[in-house]
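Quick mapping for you: the protein sequence lines, in order, are chains A and B. Numbered by my numbering, the letters in the first sequence go through residues 1 to 167 in order. Numbered by my numbering, the letters in the second sequence go through residues 1 to 125 in order.
No wet-lab data here; the hints were simulated from the structure. Take these hints with a grain of salt, some might be off.
Below, in silico cross-link-like pairs of lysine-lysine (DSSO-like), each with a Cα-Cα straight-line distance of 30 Å or less [what the hints assert, rightly or not]: (1) A:K101 - B:K20; (2) A:K130 - A:K101; (3) B:K125 - A:K85; (4) A:K109 - A:K85; (5) A:K101 - A:K128; (6) B:K20 - A:K128; (7) A:K101 - A:K85; (8) A:K109 - B:K125; (9) B:K125 - A:K130; (10) A:K139 - B:K20; (11) A:K139 - A:K128.
Since the model is a prediction, treat every value here as computed from it, not as a measurement.
One letter stands for each residue in the lines below.
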Amino acid sequence: MDFSIFDYISVTTFWSILFIVHALFAVTLLGALTHQAVSVLMPVRQPATANFVTRFRAVQGAGYATAICVLWVITFLLGAWIYIKYRVAIRIPLERAGFWKTQGFFDMKEHVVSVGLALLPAYWFLWKNKSPEYDHVRKWVTVLLAALCWFAFLVGHVVNNTRGFGS
Amino acid sequence: MSANTAVSSKKKNSIVTSPKFRTFVLVFSLSAIVLYVLGILLGLASFTYHPATGRLEWGQTMPRRNEGPVMYWYGWILTAFIGASIMGFLATLIPETVTRRIPLALLWIIPLLTLPVFVNSLLPK
């Protein structure tokens, strides 16, 4: 018996579900990376008080490193899968409508997430190695990854607003 | 802490403190970024994907008539990661006294330097 998921849901629904899962992983990654980046930029010297901002800064960044690497890879792989459909179903209509800047930003996003992917092994090493010689570079690599993640997230969001699956 | 957890934690620590592992990850990350940029600028995708037909071709090839657009991104990533793995492995063969001289700051400086290159590659020619 041949099973096809498209006997149960439409092609558009399938890609929309994949996109939503991709976006949910992206949100989780964004939250974890932002926590970690704030914890290295503004470390809390004293135990956290009731202040929300202080609590936000007070996380143990090292505990996030492996999760962030896994989340980045999963989000990346889902994005790479969706990208196939985007190239045909979204980008061509965007080109026809003359949304050149939107497309350009999306191309920039693909480069930015690839750079982030390449940085992950070094990032993981820096967080797992407690040596003080890595403190400075650990901080800036984390902040950079968080900035790249924010850029990718916002661009993906805007492109989806411009033309999502099924629109 | 159970005996198994203690052994696994010791193994992880030994990887993290290993000089060869340090060399590999630093060289891998730096070269993957550089090779990715070179792949874009020099057209070095290891394969081309035609999303409309599902066709895969080795190398960076042009679109075919009536077969829709082509995608090089996957090919650029594969080129960069294979090249970076080789570079990382070769770097572990170099004495640690040499590899220790690689400035760690390159890990955030090189990605920042790539951004204007990407922007320039995306501007209309």
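Going through the hints against the structure:
no., hint, result
1, A:K101 - B:K20, "violated (44 Å)"
2, A:K130 - A:K101, "violated (43 Å)"
3, B:K125 - A:K85, "holds (27 Å)"
4, A:K109 - A:K85, "holds (16 Å)"
5, A:K101 - A:K128, "violated (39 Å)"
6, B:K20 - A:K128, "holds (15 Å)"
7, A:K101 - A:K85, "holds (20 Å)"
8, A:K109 - B:K125, "holds (20 Å)"
9, B:K125 - A:K130, "violated (47 Å)"
10, A:K139 - B:K20, "holds (23 Å)"
11, A:K139 - A:K128, "holds (13 Å)"
Of the hints listed earlier, those the structure fails to meet are numbers 1, 2, 5 and 9, in rising order.
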